Structure formats: C-alpha cells, structure tokens
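Using the sequences plus the hints, can you model the full thing?
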Amino acid sequence: MELTFSPEEDAFRAELRSFLSDDLPAHISDAVRAGGELSKDIMVEWHALLAGKGWLATTWPKEFGGTGWTPVQRQIFEEETCRFYAPRIVPFGLSMLGPVLQTFGTKEQQDTILPRILSGEDWWCQGYSEPGAGSDLASLKTRAVRDGDDYIINGQKTWTTLGQHADKIFCLVRTDVDCKPQAGISFILVDLDTPGIEMRPIRLIEGGHEVNEVFFTDVRVPATELVGKENQGWTIAKFLLSHERTGIAGVGFSMQALEEVKTLARNTRRGGGMLIDDPLFAARIAQVEIDLEAMKITNLRMLFQAQKQGAPGPETSILKIKGSIIYQELNDLARRALGSSAAPFPGHVTEGNILFGPPDTANSAAKYFNNRKISIFGGSNEIQRNILTKTMLEL
Amino acid sequence: MDFDLTEDRRMLSDTLTRYLAEQYGFEHRNSVAYTAPYHDAEKWTEMADLGILAAFAPEDAGGFGGTGFDVSVVFEALGRALCPEPMLAALMASRLMMATGADQETLLDGSRKYAVAIGEIECPYGLDYLATSASAHGDGHVLSGRKTAVYGGQTADVFLVAAMLNGSLALFEVAANDAEIVGYGMMDGGGAAEVLLDGTRAKLLLADARDALQDALNAGVLALCAESLGAMVYSYEMLLEYLKTRKQFGVNIGRFQVLQHRAVDMLTEIEQARSIVIKAAAELNGPKATRYCAMAKNLIGRAGRLISEESIQMHGGIAMTWEYPASHYGKRLVMIDHQLGDTDFHLAAVMAG
Numbered sequence: 001m002e003l004t005f006s007p008e009e010d011a012f013r014a015e016l017r018s019f020l021s022d023d024l025p026a027h028i029s030d031a032v033r034a035g036g037e038l039s040k041d042i043m044v045e046w047h048a049l050l051a052g053k054g055w056l057a058t059t060w061p062k063e064f065g066g067t068g069w070t071p072v073q074r075q076i077f078e079e080e081t082c083r084f085y086a087p088r089i090v091p092f093g094l095s096m097l098g099p100v101l102q103t104f105g106t107k108e109q110q111d112t113i114l115p116r117i118l119s120g121e122d123w124w125c126q127g128y129s130e131p132g133a134g135s136d137l138a139s140l141k142t143r144a145v146r147d148g149d150d151y152i153i154n155g156q157k158t159w160t161t162l163g164q165h166a167d168k169i170f171c172l173v174r175t176d177v178d179c180k181p182q183a184g185i186s187f188i189l190v191d192l193d194t195p196g197i198e199m200r201p202i203r204l205i206e207g208g209h210e211v212n213e214v215f216f217t218d219v220r221v222p223a224t225e226l227v228g229k230e231n232q233g234w235t236i237a238k239f240l241l242s243h244e245r246t247g248i249a250g251v252g253f254s255m256q257a258l259e260e261v262k263t264l265a266r267n268t269r270r271g272g273g274m275l276i277d278d279p280l281f282a283a284r285i286a287q288v289e290i291d292l293e294a295m296k297i298t299n300l301r302m303l304f305q306a307q308k309q310g311a312p313g314p315e316t317s318i319l320k321i322k323g324s325i326i327y328q329e330l331n332d333l334a335r336r337a338l339g340s341s342a343a344p345f346p347g348h349v350t351e352g353n354i355l356f357g358p359p360d361t362a363n364s365a366a367k368y369f370n371n372r373k374i375s376i377f378g379g380s381n382e383i384q385r386n387i388l389t390k391t392m393l394e395l
Numbered sequence: 001m002d003f004d005l006t007e008d009r010r011m012l013s014d015t016l017t018r019y020l021a022e023q024y025g026f027e028h029r030n031s032v033a034y035t036a037p038y039h040d041a042e043k044w045t046e047m048a049d050l051g052i053l054a055a056f057a058p059e060d061a062g063g064f065g066g067t068g069f070d071v072s073v074v075f076e077a078l079g080r081a082l083c084p085e086p087m088l089a090a091l092m093a094s095r096l097m098m099a100t101g102a103d104q105e106t107l108l109d110g111s112r113k114y115a116v117a118i119g120e121i122e123c124p125y126g127l128d129y130l131a132t133s134a135s136a137h138g139d140g141h142v143l144s145g146r147k148t149a150v151y152g153g154q155t156a157d158v159f160l161v162a163a164m165l166n167g168s169l170a171l172f173e174v175a176a177n178d179a180e181i182v183g184y185g186m187m188d189g190g191g192a193a194e195v196l197l198d199g200t201r202a203k204l205l206l207a208d209a210r211d212a213l214q215d216a217l218n219a220g221v222l223a224l225c226a227e228s229l230g231a232m233v234y235s236y237e238m239l240l241e242y243l244k245t246r247k248q249f250g251v252n253i254g255r256f257q258v259l260q261h262r263a264v265d266m267l268t269e270i271e272q273a274r275s276i277v278i279k280a281a282a283e284l285n286g287p288k289a290t291r292y293c294a295m296a297k298n299l300i301g302r303a304g305r306l307i308s309e310e311s312i313q314m315h316g317g318i319a320m321t322w323e324y325p326a327s328h329y330g331k332r333l334v335m336i337d338h339q340l341g342d343t344d345f346h347l348a349a350v351m352a353g
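Sequences listed follow chains A and B, in order.
Residue numbers 1 to 395, in my numbering, belong to the letters of the first sequence in order.
Residue numbers 1 to 353, in my numbering, belong to the letters of the second sequence in order.
Derived by calculation from the structure, the hints in this document are not laboratory data.
The model shown is predicted, which means the values in this text are computed figures rather than measured ones.
C-beta: ideal position from N, C-alpha, C; glycine also.
Just to be clear, a hint being listed does not mean it is correct.
What the hints assert, rightly or not - Calculated pairs, DSBU-like style, for lysine-lysine (alpha carbon to alpha carbon, straight line, at most 30 Å):
no., chain 1, residue 1, chain 2, residue 2
1, A, 296, B, 288
2, A, 180, A, 141
3, A, 62, A, 141
4, A, 262, A, 107
5, A, 262, B, 288
6, A, 62, A, 308
7, A, 180, A, 238
8, A, 40, A, 53
9, A, 262, A, 373
10, A, 390, B, 203
11, A, 308, A, 180
12, B, 288, A, 238
13, A, 229, A, 107
14, B, 244, A, 390
15, A, 373, A, 296
16, B, 244, A, 180
17, A, 308, A, 107
18, A, 296, A, 367
Claimed, not checked - Which chain A residues stay away from chain B? Per the calculated CB distances, all over 12 Å, these:
no., residue
19, 17
20, 32
21, 107
22, 206
23, 283
24, 289
25, 295
In structure tokens form, the structure reads like this:
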C-alpha cells in the first residue's frame with residue numbers, strides 16, 4: 001500500500017505545471033475562470049497549444065500520435081489543467097472517435113482522419129441520442145438504408161454538444177429492423193456539409209447554447225464511411241462507453257470547485273462576519289471536502305486497477321455517480337455563497353452596480369443549473385446504477 | 001502508487017480472518033459479547049500468540065508493525081467477525097506506552113490487559129474540557145474524577161488515565177485494584193466501565209501528554225473506522241445474499257429496481273469508506289493524522305448508519321430479530337459513532353482545519 005506518486009509522476013506533474021504557468025495565455029484561463037460558455041476560438045487555440053507539446057491526444061497510444069500516458073498521468077493532467085483553469089479538452093474527436101477508429105477503423109480511415117483530429121482541421125460531434133432514445137439508446141430510429149455504394153440517412157439526433165462548431169458527426173444509425181434492436185445498429189461518419197442536414201440550437205436551462213438537434217433528410221453518405229462492419233455499431237458504442245471512463249469522476253474539477261467555494265466564503269462578508277465562519281455553511285463545505293478526499297482515493301484505486309488490468313472495469317460507474325454528486329454539491333455551495341448576488345442573469349451585471357458581486361463570480365447560478373447535466377449525460381446516474389446492479393451485484 | 005497489501009499484511013489479515021471464522025463463530029461471539037466479563041481469556045491469548053497485538057507496535061517497541069495499515073488490516077478483520085474483545089484498549093495503550101517509552105512486552109503478549117481512560121460524561125470525545133484532576137500526594141499523585149465508557153474496563157489490570165495536573169493534560173497509570181470500577185455490557189455487545197476516582201493513587205507517566213493522547217485517539221479512531229468497514233462489508237454481503245434468495249411476489253426481491261439502486265448506493269458508500277480508511281491509515285504516523293482521522297470518522301459514521309439502516313430495512317422483519325446476525329452488525333455500525341467521536345464532533349474538527 002503506497003499512496004504517493006512515483007518520482008517520474010512527480011516530475012511529470014512539475015513539467016505540466018511549468019508549461020501551464022508559462023504558456024497558458026491569461027485570456028484563456030480568465031475565460032475558463034469566468035465560468036460561462038467558451039468561444040470556439042479559445043478551444044481551438046488551447047488545442048493547438050497542447051498539440052504543439054504533443055499533449056493533445058491524452059488517451060491515444062504513441063503510434064497514432066498520442067501521448068501514450070498511463071491512467072495516472074491522465075489524472076495528473078486533469079488535476080493540473082484544472083488548477084490553472086485551462087479549458088477541458090473537447091472530447092468528441094480526441095477521446096471518443098479517435099479510440100474507436102484505432103480499434104475498429106480501416107487503415108485508410110486511421111490515416112486520413114486521425115491526423116485531422118490532431119491538427120484541429122476537423123471538429124467532430126456526436127450523434128447518439130434521439131428524441132425517443134435517451135437512456136434506452138438501443139431503441140434509436142434514425143435509419144440508414146443501403147443504396148448502391150451509399151447509405152441514405154433519415155431521422156433526427158439530439159443533445160449534440162458543440163455541434164454548432166463541428167465539421168463532422170459520428171452517428172449511430174439503424175441498418176436493420178428485423179432483429180433485436182442492438183443487433184441492427186451501425187456506426188457511420190457523416191460530413192455536416194452534406195445536403196439534407198440541418199442543425200438547430202437547443203437553448204439550455206441557464207440560457208446557453210451548448211447542445212443542438214440535428215435533422216437528416218435523405219442524406220447520402222458513401223458506404224466507405226462506415227466504421228467496423230454493418231450492424232456492429234452497438235459493440236462500438238459499448239466500447240466507447242468503457243473507454244470514456246477514466247476521468248469520469250471529475251476529481252480535478254471538483255478540487256477546483258472546492259477551492260473556489262472556500263475562497264469565495266473567505267472573502268464574502270455576511271451578517272457581520274465572514275461566510276467561512278458561519279458554522280452551517282462551513283459544515284457543508286467540510287462534509288463535501290471529506291467526500292472529495294475519499295473520492296480522490298477511490299479514483300486512484302480504480303485507476304490503479306485499470307492500469308493493472310489494462311482496462312477500466314464496470315466499478316468505474318461508482319466514480320460517475322459519486323463524482324457527479326460531489327461536483328453538483330459544490331456548485332450548489334458556490335451558488336449559495338453569492339447570496340442575493342446570484343440573482344442577476346449572466347451578463348447583466350455591470351461594473352457600476354455595486355449591489356452585486358464581482359463579475360467573475362456572477363456565473364455561479366448559471367453554472368449550478370448547467371451542471372445538473374453531469375448526472376444525466378454519458379449514461380444517467382440511474383443507468384450507472386443499473387450497470388452496477390448487473391455487473392457488480394449480479395442481482 | 002500501489003493499492004495492494006504487502007505480503008506480510010495480507011498474511012496477517014488472512015490469519016486473523018481465518019482464526020476468527022473458525023474459532024470465534026457467531027454463536028460464540030454473541031455469548032461473549034452479551035455476557036460479563038465480555039471477554040474470552042483463552043481466545044485472547046490465542047490471538048496474542050498469532051501476533052495480533054504485536055502488530056500494533058513497531059519493532060523497536062517489541063512488536064512487528066505499528067503503521068496505520070497494520071492497524072487497519074487487523075481491525076477490518078475484527079469488524080468482519082464483530083469480535084467483541086477489547087483490542088481497541090490494547091492498541092490505544094500501546095500507542096501511549098510508545099510515547100512514555102514503557103516496556104510493552106506484557107501488553108503485546110496478551111498477559112497483561114490495559115484500558116485507556118480519557119473521556120468523561122461532559123467531555124466524551126475530545127481532550128479540551130477534561131475535568132478529572134490530579135494532585136501531588138506524598139511521593140506520588142492522586143486522581144479525582146469520573147472516566148466514562150472505558151472500553152475493556154472490566155477486564156483491565158491497569159488503566160492509563162488522562163487528568164489535569166497544574167493546568168496541563170497529563171497521563172497517569174492506575175492499578176485496577178486501586179479504583180472503583182463499575183462495569184456494564186454495551187448495547188451492541190462487548191464491555192465497558194465507569195472508572196470512579198476519588199483520591200485514587202496514581203503514577204505519573206507523562207506531565208505533558210496532550211500529543212501522546214491525541215495520537216492514541218487517532219489510532220483508536222482509525223481502528224474503529226477499519227472495524228466499521230469490515231462490519232459494513234460483511235453486512236453488505238449478507239444483504240446481497242438475501243436479495244438473491246428471498247422471494248416475494250413470485251420473484252427474488254433483488255429483481256426490484258427500487259432495492260437495486262439503494263444497494264448500489266450502499267456499495268458506493270462502502271467504497272468511499274474503504275478509501276478514507278486507506279487515506280487515514282497512510283497518514284496515521286504523519287503530521288496531518290488528526291485531520292485525516294477526523295475525516296475518516298465522519299465519513300464512516302455516515303456510511304455506517306446508512307449501511308445499518310438500509311440493511312435492516314431491506315431485510316425486512318428478519319433483521320429486527322436477535323437471532324439473525326444482521327441485527328447485531330446493524331447495532332455495531334451505529335454504535336461505533338458513539339466511540340471516540342461521532343460524525344458531528346469530527347465534522348467540527350475538520351471545519352476547525
């Protein structure tokens with residue numbers, strides 16, 4: 001039993017820190033700190049900076065131009081980028097499609113698509129969910145019918161995150177209806193410039209534009225864009241689900257949020273004293289800090305296990321459940337810390353308005369509402385509980 | 001980074017777990033746990049012979065352990081078997097004797113039993129408001145005050161007692177024969193005692209014992225957390241077995257999603273509990289031990305109550321019976337919160353930084 005990091009891992013952390021403190025531009029970290037939506041330019045600039053260091057594809061093996069990092073190194077990367085308020089890496093091309101192509105794609109697909117993800121030439125988005133297929137993803141209805149050398153796609157995808165910035169979309173589509181729902185699904189790549197595609201924004205609870213719905217009307221896609229075999233899509237979807245799992249606890253983000261709440265409570269005057277000295281508020285901070293301290297170890301234990309077995313197991317659903325609960329609790333505390341200053345709609349605070357808090361804290365309420373998504377996306381916490389019931393409890 | 005036990009500790013754990021399963025089965029446990037003196041002298045000696053007590057002390061104090069992981073491994077196994085023997089008293093006494101430099105041979109070989117008397121009715125958990133007082137008397141000292149819920153107090157030969165001497169917290173040794181000991185059984189099994197001191201003869205061991213007492217409390221807290229973890233894990237195994245075999249409405253009740261999801265939440269908290277025990281064990285001999293032990297005891301208190309209450313609820317009536325082991329595990333998991341600081345006490349400690 002040894003909880004400390006190896007000298008190599010410590011050196012790796014130090015290298016990351018010096019890069020982040022020297023080379024992460026202030027306008028990027030300021031935008032992240034503000035907590036609102038990030039512009040495409042900022043995300044692209046950050047990706048390019050990382051790509052320059054060879055640090056962009058954190059989940060890829062070296063042979064494909066990735067970092068070849070261990071799960072523990074990826075955890076250190078998450079912690080340090082959070083500490084310095086660097087943006088999250090947009091996951092769709094890098095952590096989702098990349099590993100899928102490396103495992104199921106043809107040599108040609110790997111050679112043409114992977115470099116364009118690394119260079120930032122292609123921004124990918126995800127076409128999984130549909131209005132009638134959320135948690136029950138296998139019931140998806142978007143149809144792809146073979147027509148000569150092409151497929152013709154009709155249907156609708158939804159919750160397509162950052163699709164407004166994307167050039168391409170990877171989709172799960174139905175290619176067979178005369179079988180079990182899971183057995184008739186294929187994984188296909190679609191250029192968003194193809195005629196017949198329409199993307200419409202979905203405005204979210206806090207007012208932001210983060211997700212979209214995508215409509216497909218007689219969209220013609222070459223059959224060479226299929227990844228894996230026809231009707232192998234469910235296998236790929238399940239692979240992706242398990243591949244996404246390291247980092248699923250969001251420990252780095254919760255550590256960042258805890259520090260923010262503590263700083264806010266230390267600097268906030270309330271009822272004649274400082275908010276941090278209010279025992280009710282301080283008790284809530286302390287309790288979530290304890291849960292997070294345990295979560296850090298739970299996360300490391302599971303990374304250690306994944307490193308030993310070569311792949312994360314189903315127990316990582318625990319990270320998703322508890323990690324999201326902790327992060328949401330911290331968001332709740334940040335919102336409460338603002339008191340009445342949480343009231344204004346984001347962007348409505350002006351410098352001349354002394355009633356309200358500093359503009360960089362003004363997004364706390366919006367962030368709280370936006371982050372209700374954490375326990376819904378990527379397999380809701382209820383789906384995670386179903387997975388654990390089946391795999392760990394064997395009930 | 002390595003989350004596997006070392007070979008030595010795995011053997012220690014296996015040895016004790018096997019011994020308890022074979023020699024301290026549940027019927028025997030209940031007969032010892034609920035009958036004075038709440039102690040089986042023969043089994044105690046056998047466990048000492050296995051080296052269980054020696055695991056509490058480092059080599060230079062005559063043992064072969066003394067790290068947080070030695071403590072957590074032993075107490076997790078004790079918790080799994082719900083063993084009522086006063087091991088906690090031996091551990092805390094060993095930590096205090098490490099500070100005084102006393103010879104621990106008779107403690108570690110099990111021939112002499114120690115109890116640690118710190119808490120008082122109006123100051124059950126911490127060190128800040130203890131009222132028992134010491135004064136010089138002839139060549140030595142005398143103590144006056146009442147120590148409460150002293151675990152293993154009934155069977156102890158010697159008490160290590162915290163008392164105020166000239167404004168600072170000191171540590172004394174009191175022979176069992178010199179004090180008035182009022183023993184009793186506990187709600188969840190095992191024995192404790194009130195120690196009544198009234199001009200009682202005592203030997204001064206440490207004039208400024210605050211750090212030593214805090215260290216003993218930290219080790220005791222870690223031990224209780226690990227004990228709770230062992231009891232949680234076993235309790236949970238019983239529950240899963242029940243969910244897979246108990247039929248209602250024509251199906252195993254484990255088919256009901258309302259129970260499945262609650263069972264998953266229990267699993268999540270048990271994993272969190274294991275993590276915080278690992279963290280506290282890693283920090284026990286370091287500068288932040290008090291903080292991490294407090295974190296552990298708070299989380300364990302919450303998790304233990306959840307496992308206890310949910311296990312009883314999901315078992316239904318059967319877990320309300322004396323005969324079914326789940327009831328006794330449920331009691332222990334809740335009552336551990338009353339030993340060495342409850343969730344609120346330790347939350348306040350974390351808040352204080």
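We went through each hint and held it up to the structure:
1. 296/A <-> 288/B: holds, 17 Å
2. 180/A <-> 141/A: holds, 13 Å
3. 62/A <-> 141/A: At roughly 37 Å apart (the allowed maximum being 30 Å), residue 141/A and residue 62/A break the hint.
4. 262/A <-> 107/A: violated, 50 Å
5. 262/A <-> 288/B: With a Cα-Cα distance of about 20 Å, the restraint between residue 262/A and residue 288/B holds, given a limit of 30 Å.
6. 62/A <-> 308/A: Status holds; Cα separation ~19 Å.
7. 180/A <-> 238/A: Status holds; Cα separation ~16 Å.
8. 40/A <-> 53/A: At roughly 20 Å apart (the allowed maximum being 30 Å), residue 53/A and residue 40/A satisfy the hint.
9. 262/A <-> 373/A: holds, 24 Å
10. 390/A <-> 203/B: violated, 61 Å
11. 308/A <-> 180/A: violated, 35 Å
12. 288/B <-> 238/A: Violated: residue 288/B and residue 238/A sit about 43 Å apart, past 30 Å.
13. 229/A <-> 107/A: Satisfied, since the Cα-Cα distance of roughly 14 Å is no more than 30 Å.
14. 244/B <-> 390/A: holds, 12 Å
15. 373/A <-> 296/A: holds, 22 Å
16. 244/B <-> 180/A: holds, 28 Å
17. 308/A <-> 107/A: Within the cut-off at roughly 29 Å; holds.
18. 296/A <-> 367/A: holds, 23 Å
19. 17: holds, 19 Å
20. 32: holds, 28 Å
21. 107: holds, 37 Å
22. 206: holds, 28 Å
23. 283: Given that some Cβ of chain B is not farther than 12 Å from that of residue 283/A, nearest at about 6 Å, it is violated.
24. 289: Non-interface label on residue 289/A violated, nearest chain B Cβ at 7 Å vs cutoff 12 Å.
25. 295: Residue 295/A not clear of chain B: closest Cβ-Cβ about 7 Å, inside 12 Å.
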